[in-house]
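Taken in sequence, the protein lines are chains P and Z.
Quick note on the numbering used here: the first sequence kicks off at 1 and runs consecutively.
Quick note on the numbering used here: the second sequence kicks off at 1 and runs consecutively.
FYI, nobody ran anything at the bench for these hints, they're computed from the structure.
A virtual CB, placed ideally from N, CA and C, is assigned to each residue, including glycine.
Among the hints, erroneous ones may be present.
Label pairs and their in silico Cβ distance ranges [what the hints assert, rightly or not]:
(1) P:Glu133 with Z:Ala215: 53 to 61 Å
(2) Z:Leu274 with P:Ile163: 53 to 61 Å
(3) Z:Leu42 with P:Gln64: 56 to 64 Å
(4) P:Arg251 with Z:Phe92: 54 to 62 Å
(5) Z:Val55 with P:Pro131: 52 to 60 Å
SDA-like mimics (lysine to any residue), calculated; alpha carbons at most 20 Å apart, straight line [as the list claims (entries may be wrong)]:
(6) P:Lys414 with Z:Ala79
(7) P:Lys18 with Z:Ser200
(8) P:Lys395 with P:Pro341
(9) P:Lys231 with Z:Leu176
(10) P:Lys395 with P:Ser385
(11) P:Lys414 with Z:Ser188
(12) P:Lys231 with Z:Phe51
(13) P:Lys414 with Z:Val55
(14) P:Lys231 with Z:Ser188
(15) P:Lys414 with Z:Phe186
(16) P:Lys414 with Z:Phe51
(17) P:Lys278 with Z:Gln86
(18) P:Lys278 with Z:Thr71
(19) P:Lys231 with Z:Leu182
(20) P:Lys231 with Z:Leu177
(21) P:Lys414 with Z:Arg54
(22) P:Lys231 with Z:Leu192
(23) P:Lys127 with Z:Glu73
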Amino acid sequence: MGIPVSSATAATEPPIGKTTFTVGTTSQVDSFNPLLGIESSATLVYDLMYDSLTQDSNKDLSLQPRLATSWSRSADGLTWTYHIRSGLKWSDGKPLTSKDVAYTLNRVISGGPAQANWGNFLTSVTKVTAPDEKTVLLHLDHPNATLPAIPIPIIPEHVWSHISDSQLTSFPNTPPNVVSSGPFRLVAGAAGSSTYQLEANPNYWGGRPKIDTLRFRVFKALDTEVQALVKGEIDFADGLSPLQVRALASRPGITGWPAIQSGVFDEIAFNTGSIDTKTGARIGDPNPAVLDPKFRYALNTAIDRAKIAKLAFMGGAKPATTVVTPDFSKFVWEPPRADAPRYDPAKAAELLTAAGYKRGHDGKLRLPNGAPMEPLRLIARPEDSSSLTTMELLKEWLGNLGIDSTVTSMDSTKLQNVILSGDYDIFEWGWSYAEDPDAMLIYFTCGQRGLLSDSWYCNSEYDKLYTAQKQQLDPAERSEQIKKMQAILYRDAPYLLTVYPMSEQAYRSDRFHGLNPKPMPNGSLLLDAASYLTVAPNVDAHGSAIALKGSSGSTENTNLIAIVGAGLAVLIAAGWAFARRRGKATAGDRE
Amino acid sequence: MSAAPEAPALANRSRLARTAGARRTLSWGFIGRRALGSAVTLFFILVVNFFLFRVINPHPERTLARGRANTPEQIHLIAERLGLNQPLPQQFWTYLTNIFTGNLGVSYEYGEPVASMILQRLWPSLILVGTSTVLAIIIGLWIGKRAAWYRGRAFDKVSTTGTIIVYAMPDWWLGLLLFMLLAVGFGSFPGLFPIGGLNSPGMNPWSFAGVIDEAWHLTLPVLTLTLAYVAEYSIVMRSSMLDEMGEPYLQTARAKGLPDALVRRRHAAPNAMLPVMTMISLDLAFSVGGAITIETVFSIPGLGLLTSDALRIPDIPMLQGTFLMFSTVVVIANFLANLFYAVRDPRVKL
Chain P
1 MGIPVSSATA ATEPPIGKTT FTVGTTSQVD SFNPLLGIES SATLVYDLMY
51 DSLTQDSNKD LSLQPRLATS WSRSADGLTW TYHIRSGLKW SDGKPLTSKD
101 VAYTLNRVIS GGPAQANWGN FLTSVTKVTA PDEKTVLLHL DHPNATLPAI
151 PIPIIPEHVW SHISDSQLTS FPNTPPNVVS SGPFRLVAGA AGSSTYQLEA
201 NPNYWGGRPK IDTLRFRVFK ALDTEVQALV KGEIDFADGL SPLQVRALAS
251 RPGITGWPAI QSGVFDEIAF NTGSIDTKTG ARIGDPNPAV LDPKFRYALN
301 TAIDRAKIAK LAFMGGAKPA TTVVTPDFSK FVWEPPRADA PRYDPAKAAE
351 LLTAAGYKRG HDGKLRLPNG APMEPLRLIA RPEDSSSLTT MELLKEWLGN
401 LGIDSTVTSM DSTKLQNVIL SGDYDIFEWG WSYAEDPDAM LIYFTCGQRG
451 LLSDSWYCNS EYDKLYTAQK QQLDPAERSE QIKKMQAILY RDAPYLLTVY
501 PMSEQAYRSD RFHGLNPKPM PNGSLLLDAA SYLTVAPNVD AHGSAIALKG
551 SSGSTENTNL IAIVGAGLAV LIAAGWAFAR RRGKATAGDR E
Chain Z
1 MSAAPEAPAL ANRSRLARTA GARRTLSWGF IGRRALGSAV TLFFILVVNF
51 FLFRVINPHP ERTLARGRAN TPEQIHLIAE RLGLNQPLPQ QFWTYLTNIF
101 TGNLGVSYEY GEPVASMILQ RLWPSLILVG TSTVLAIIIG LWIGKRAAWY
151 RGRAFDKVST TGTIIVYAMP DWWLGLLLFM LLAVGFGSFP GLFPIGGLNS
201 PGMNPWSFAG VIDEAWHLTL PVLTLTLAYV AEYSIVMRSS MLDEMGEPYL
251 QTARAKGLPD ALVRRRHAAP NAMLPVMTMI SLDLAFSVGG AITIETVFSI
301 PGLGLLTSDA LRIPDIPMLQ GTFLMFSTVV VIANFLANLF YAVRDPRVKL
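Please construct the entire structure, taking both the sequences and the accompanying hints into account.
Here it is in structure tokens:
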């Protein structure tokens, strides 16, 4: 049976030899154990190693089948049924069935590290069952609007059921003990390692990947990463700066790719009212001005977002309006024309006057009660040079309105403490979230104060809408509710959105093709497993992969290694001769 | 117990006697006193270690959760896994008992035992910084010795100026310079060395080819650090040597008819080594800490990077582990340097 199948494969695919695709990245994998790791590079590796029930389409982010071929829900929204692909096998040959899916999801909802990592995708799910090998049932106590999307990696029950939560830390899930089902299999790597390697799964249900070996190299310095791409040691570079990508794009054989990122924005955030969450008493010392929504909103038109994008982000960013990024097109709210976030300092001054903030004799703005305004404390983070530039620009714009301010810089761990203590007025930071705007909108609910809310924002109307959308089963209705929430945020202005930073990538287009943006046409490259399936080597007239020719540097390296070896030998010999000379010295020589 | 006379009037004689091979022996009491001092220092470090990193950020679970786990329950679960919801005295007790059983805890970031992660990262740092330090010591002492001996001559002028120029450059900048010249290449001159990293991907680091490959990867970073460190040794050695050169015992040695080179090598240099020894012992100890900037430029997964990455969250068990190791090694090196002094320098009371 097996022979005709393999000969058929050989006939359809040109014999291109082993192709290696090497990715340069700046973020390391914190853990290959999908119940522990949280870095974005780790999430990508889980996606390559394991299948999930559903995935977003690369074209338009719409929900697509993956392990599940189809799904349906009961009318009350309290039961979801997923139909699972049949005939699948784990890499150790054992069958992959609905039992593995139910096991994984139950482990997530039962608490512990699995829930800490993936629980937000299964809100309200109380139990998962597998009535037969091809069906999975989710039982809920409230409807959940983010279903049916479940991007949780499905792990094999016959391996993981032997590993309790307390044993997770001694189960790194690294070779040779990895059992997976995805398009690639991990063959080398350890937590935090500077290189890791995967190999194509020839039996993948979605088709064999067109690259045989997938290598990742972690760089700690961007300049080093850029040079590795130029020299051809890597084929794809992620996390670059806009200037680097512009410079790289002018080189032959390299394509630069500045991309719009999903769920990424930067903001100027305010202390909207820090409190002790237990007693409700005010804590910290925010300036009275930033506690006033009218004051915060007035600053919206005092900010020149185009200038921030140009100066602080070196052109690698787009002006931003709302926390829901443009790729979530169904949910994006646009402010009415009159309220658009245009740079208009005169309008900002008008709004401030209307809100009771008038200039005194010294030209400085005073609080509505006539008291002089203390200088606003602006905090920037030294990790991003854009942060400091943004705050310096803000200081200048505030100065034009008669508002004094000081800029300080503190690293994000310290800033988090300061935010929790409430001793701040304004800071610059950004967020990155995935899958659904719900993941971001939750941070503005009252329950997040003292946890991950960094603006202390609390609004009961907003909270009601948040709870409602979370259980709303009508997509059109839900998107209306989410738009209303954004309108509230825009008016109350706990954040003034500055820009949507772009991701800057570049690759060796002389060696590989098929790197497709997600979503089309301006999204990022190689963010998920599906986009790695289309990457293919360029083939020359003889049918051999150009990538292999490009890496002929390895033979040159061997020669150099020989030279170094010879050099070492000479050094050792010289050292030995020297030691002998000293040893031979006679007693007469000594004194 | 001591074999050598201690009276100041006899100090010069004792120096000559020492070079003839006489040895002072250490008493157990002396070793014990010094060891006790080191142990007290270590315990103090142990305690400070626990509180220091909790001051940076008492809520690492929030850094870990940011942008990923978002419900209050999830954040609570992370804190529970990390043991952060326990009362501080209990955390401190667990920390102390763990350390005395050789358990450094589990890294917040990597979810793996800290001790095994440190061991994995230790040897790239040791090879990188250790080799550079040893090379810098050998070359630096040689230069310093000669420069002092031929003070004011061409060798002295060239070497002193040269080493100071290199010393004045930030080491990451020197690293980038060498990197651009020798790894990237310029014009038609090809880049000879690999661009960063410790191994070629897919190479077995334990095979012969793997070891050579690693040496190849480490050549540039080691060269950078050696150049950066050389000046320190050559300058200290030079001034220490100049001090010795005025001493009358050198006159005596010359009067015996010893050739100049031997007077330098056998008499002046060993005594000039004493102040340099403290520096060497501490620098070798510090080499376990890695070199953050050079590890960054060349993307070498060493302890320096591990530690600086851990500050981001902060990964408290990891920081406790690495700092404990750094300080232990420095304390031990200091202890050994004390013993060395006691043996070599008659002025130390045993």
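Going down the list of hints, with the structure as the test:
Against the hinted window of 53 to 61 Å, the Cβ-Cβ separation of glutamate 133 of chain P and alanine 215 of chain Z comes to about 54 Å, which satisfies the hint. At about 57 Å, the CB distance of leucine 274 of chain Z to isoleucine 163 of chain P agrees with the hint of 53 to 61 Å. At about 58 Å, the beta-carbon gap between leucine 42 of chain Z and glutamine 64 of chain P stays in the expected band of 56 to 64 Å. Distance hint for arginine 251 of chain P and phenylalanine 92 of chain Z: a CB-CB separation of about 56 Å, consistent with the stated range 54 to 62 Å.
As the Cβ distance of valine 55 of chain Z to proline 131 of chain P is approximately 54 Å, the hint placing it in 52 to 60 Å holds. Straight-line distance between C-alpha atoms of lysine 414 of chain P and alanine 79 of chain Z comes to about 19 Å, which keeps the hinted pair within the 20 Å bound. Only pairs whose Cα atoms come within 20 Å are accepted, and lysine 18 of chain P paired with serine 200 of chain Z is accepted, the gap being roughly 17 Å. Restraint check for lysine 395 of chain P and proline 341 of chain P: the C-alpha separation of about 18 Å stays at or below 20 Å, so the hint holds.
Distance hint between lysine 231 of chain P and leucine 176 of chain Z is fulfilled; the C-alpha atoms sit about 16 Å from each other, no more than 20 Å. A threshold of 20 Å between alpha carbons decides the hint, and for lysine 395 of chain P with serine 385 of chain P the separation of about 16 Å falls inside it, so the pair holds. The suggested pairing of lysine 414 of chain P with serine 188 of chain Z is violated, with an alpha-carbon distance near 48 Å, which exceeds 20 Å. Restraint check for lysine 231 of chain P and phenylalanine 51 of chain Z: not satisfied, since their Cα atoms lie roughly 46 Å apart, outside the 20 Å limit.
Between lysine 414 of chain P and valine 55 of chain Z the CA atoms are separated by roughly 9 Å; this keeps the pair inside 20 Å, and the hint holds. Taking the CA atoms of lysine 231 of chain P and serine 188 of chain Z, the gap is about 13 Å. The hint holds against a cut of 20 Å. With a C-alpha separation of about 42 Å, the suggested pair lysine 414 of chain P and phenylalanine 186 of chain Z falls outside the 20 Å cut-off, and the hint is violated. A threshold of 20 Å between alpha carbons decides the hint, and for lysine 414 of chain P with phenylalanine 51 of chain Z the separation of about 16 Å falls inside it, so the pair holds.
At most 20 Å may separate the alpha-carbon atoms for a hinted pair to count; lysine 278 of chain P and glutamine 86 of chain Z meet this at roughly 19 Å. Among the hinted pairs, lysine 278 of chain P with threonine 71 of chain Z is consistent with the structure: their alpha-carbon atoms are about 18 Å apart, no more than 20 Å. Only pairs whose Cα atoms come within 20 Å are accepted, and lysine 231 of chain P paired with leucine 182 of chain Z is accepted, the gap being roughly 12 Å. With a C-alpha separation of about 17 Å, the suggested pairing of lysine 231 of chain P with leucine 177 of chain Z holds against the 20 Å cut-off.
Only pairs whose Cα atoms come within 20 Å are accepted, and lysine 414 of chain P paired with arginine 54 of chain Z is accepted, the gap being roughly 11 Å. A hinted pair counts as satisfied when its Cα atoms are at most 20 Å apart, and lysine 231 of chain P with leucine 192 of chain Z qualifies at roughly 11 Å. The straight-line distance between the Cα atoms of lysine 127 of chain P and glutamate 73 of chain Z is roughly 18 Å, inside the 20 Å bound, and the hint therefore holds.
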